[in-house]
Every structure is written in structure tokens, then in C-alpha cells.
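Residue numbers (numbering that gives the first Met the number 0), protein chains in the order written: chain A, 0 to 95; chain B, 0 to 95.
These are computed hints drawn from the structure, not numbers from a lab. Incorrect hints may appear among the rest.
Just so you know, same-sequence chains aren't split out, so a pair can sit in one copy or run between any two.
To be verified - Below, a list of computed lysine-lysine pairs in the BS3-like style, where the Cα atoms sit at most 25 Å apart:
1) Lys91 with Lys79
2) Lys59 with Lys39
3) Lys79 with Lys59
4) Lys31 with Lys79
5) Lys37 with Lys59
6) Lys91 with Lys31
Single-letter residue listing:
Number of protein chains: 2
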Amino acid sequence: MKFNELDQLRERLDDVNLQLLELVNLRAAIVKQIGQIKNKQGMNRFDPVRERQMLDQLIKFNNGPFENSTIEHIFKEIFKAGLELIEDDDRKELLV
Amino acid sequence: MKFNELDQLRERLDDVNLQLLELVNLRAAIVKQIGQIKNKQGMNRFDPVRERQMLDQLIKFNNGPFENSTIEHIFKEIFKAGLELIEDDDRKELLV
Chain A
0 MKFNELDQLR
10 ERLDDVNLQL
20 LELVNLRAAI
30 VKQIGQIKNK
40 QGMNRFDPVR
50 ERQMLDQLIK
60 FNNGPFENST
70 IEHIFKEIFK
80 AGLELIEDDD
90 RKELLV
Chain B
0 MKFNELDQLR
10 ERLDDVNLQL
20 LELVNLRAAI
30 VKQIGQIKNK
40 QGMNRFDPVR
50 ERQMLDQLIK
60 FNNGPFENST
70 IEHIFKEIFK
80 AGLELIEDDD
90 RKELLV
């Protein structure tokens with residue numbers, strides 16, 4: 000009986016993983032669009048004030064079970080990956 | 000005009016951030032439940048085979064823009080945070 004419960008929870012976890020995958024990539028696509036606009040306007044891609052605002056908003060809405068510090072850590076990794084994606088785009092543009 | 004476009008994209012990004020927050024915490028809650036069952040059954044909390052299976056599934060369904068290596072990196076951080084959450088639970092239980 001317990002084994003079924005574990006299997007069911009694992010199925011739910013797989014489902015949540017795929018939803019997270021979709022959202023993380025949707026976020027990356029939006030970040031790419033923002034990067035293109037900023038690029039055209041000669042704006043700086045990295046905006047530490049905006050990043051801090053986003054983290055503060057996430058912490059404000061965080062009801063756990065993850066601690067605020069963990070949420071901050073995970074999202075900083077996601078933000079960094081987004082920034083690297085924009086930098087890759089810029090490099091490709093330079094090569095064209 | 001362009002400024003509005005940027006603001007709109009930022010609003011979408013904030014919205015996606017909050018959806019991600021909810022899913023990341025939902026995932027953490029499921030991981031906690033799995034940890035409790037494993038604990039009762041005396042099973043090992045960390046299962047590298049299962050972790051590899053989850054990563055393989057994510058890579059299989061990854062349509063970008065993030066590269067597979069980036070997806071793997073982000074999810075490994077999320078998995079690690081989940082595992083730390085279970086370990087915290089265990090420590091609290093020992094203190095009771």
C-alpha cells in the first residue's frame with residue numbers, strides 16, 4: 000500500500016518537473032526578448048536593481064516549504080542562466 | 000513605444016517568476032512527503048538512479064531556449080535544495 004503512495008508521489012513529482020521545465024524555458028524566451036530590446040536601445044543587459052526587486056517580490060510571496068534563502072539561491076541560478084543566454088545571443092550576432 | 004514593450008515583458012516575467020515560485024514550493028512539499036515515507040520504510044533518501052531518470056526525462060522534453068546542460072544545472076540545484084529540506088526535517092525529528 001505504502002509503495003503505491005510512493006509511486007503516486009513520484010508521478011506527481013515528474014509532472015511538476017515538466018511544468019517547471021516549461022516555465023523555466025518560457026522565462027528564458029521572455030528574457031531573450033528583453034535582451035533584444037535592450038540591445039537595440041544600447042541599454043545595459045544586467046540590471047542589479049531590477050534583479051533585487053524580483054528577488055524581493057519572490058521572498059514577499061514565499062509561503063514555503065522552501066526558506067527565503069533557498070528561494071533566493073534557486074532564482075539567482077535561473078537569472079544567471081538567463082543572462083548567459085543573452086550573452087550567447089550577442090556573441091552570435093557579432094559573428095554574423 | 001519601445002518602453003511600453005519592455006514594461007509589458009517585465010510584467011510577464013514577474014508573473015512567470017511567481018508561477019515558478021509556486022511550482023518550486025509545490026515540488027518541495029511533494030519531496031517532503033516522499034522523504035517521510037522513505038524514512039518510515041528505512042529507505043535511503045538520496046537515489047542517484049532516480050535523479051538521473053528525472054534529468055533524462057527533462058532533457059528529452061526540453062525544447063529550449065535553454066540548452067540541455069543549463070536545464071540540468073538548474074534542476075540539480077532544485078533537487079539539491081529538496082534533499083536539504085528532507086535532511087532538515089530529519090534533524091528536527093531527532094531533536095524531538
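Task: Enumerated hints in conflict with the structure, sorted upward - done: 2 and 5
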